[in-house]
Amino acid sequence: QQQVKQSPQSLIVQKGGISIINCAYENTAFDYFPWYQQFPGKGPALLIAIRPDVSEKKEGRFTISFNKSAKQFSLHIMDSQPGDSATYFCAASPNSGYALNFGKGTSLLVTP
Amino acid sequence: EAGVAQSPRYKIIEKRQSVAFWCNPISGHATLYWYQQILGQGPKLLIQFQNNGVVDDSQLPKDRFSAERLKGVDSTLKIQPAKLEDSAVYLCASSPRVGAEQFFGPGTRLTVL
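Going down the list, the protein sequences come from chains A and B. Under our numbering, the first residue of the first sequence carries the number 88, and numbering increases by one thereafter. Under our numbering, the first residue of the second sequence carries the number 131, and numbering increases by one thereafter.
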């Protein structure tokens, strides 16, 4: 069964806009929540990650918001650029060294 | 620092044939993972190694899939015999230790006809 549910499946944003991708989980044992970016023909690459002891983490234009009580977390991409066009996966694990449970992915297209 | 290496990058076989994939993790990384990524879905763990021991293989279809990590470095994943539904990208990832970031290789795209 899908342990991490991700939405939307696809997203189109204009250059300079904000891209928002949402994820929800059920397993309360999860305590590590990374976001991966994947370009065609490449493996996923870690973008940013958060643990539930903080509600928000920002790295450059990328921000994770985390709501422990709702068991939801989201990725915000500020000032989206065409180079951000890729597939984004949220994931969760009980520990960052254990197997990641991935969402189904969001295909992001940033138009010029 | 060199990344995770995988070969071949592409493989096309007919159903019931056998196939093997190879992974060379980042030097010094003790933990190695094999994931299966079906088109349009997120990666799903097949097996996790810590050095040359198996940590988790609960989602590995053991009737047809096998994996080994000799000497705690390189790893091979084998499918025998392949089925149409095995068509996917097989990703290898490694991390220096439990609790650290996972680094993914480029994957092997398998097409079963």
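These are calculated hints, taken from the structure and not from any lab test. Each hint should be verified, as a subset may be incorrect.
Per label pair, the in silico range of CB-to-CB distance [unchecked claim]:
id: 1; chain 1: A; residue 1: 194; chain 2: B; residue 2: 215; range: 19 to 27 angstroms
id: 2; chain 1: B; residue 1: 186; chain 2: A; residue 2: 115; range: 16 to 24 angstroms
id: 3; chain 1: B; residue 1: 215; chain 2: A; residue 2: 158; range: 25 to 33 angstroms
Quick list of in silico lysine-lysine cross-link-like pairs, DSSO-like style, CA-CA up to 27 angstroms [as the list claims (entries may be wrong)]:
id: 4; chain 1: B; residue 1: 174; chain 2: B; residue 2: 145
id: 5; chain 1: A; residue 1: 145; chain 2: A; residue 2: 155
id: 6; chain 1: A; residue 1: 155; chain 2: B; residue 2: 174
id: 7; chain 1: A; residue 1: 92; chain 2: B; residue 2: 174
id: 8; chain 1: A; residue 1: 102; chain 2: B; residue 2: 141
id: 9; chain 1: A; residue 1: 129; chain 2: B; residue 2: 208
id: 10; chain 1: B; residue 1: 192; chain 2: B; residue 2: 145
id: 11; chain 1: A; residue 1: 129; chain 2: B; residue 2: 141
id: 12; chain 1: B; residue 1: 213; chain 2: B; residue 2: 145
All residues carry an ideal CB built from backbone N, CA and C; glycine is no exception.
> Which of the listed hints are not met by the structure?
Replying inline: 8
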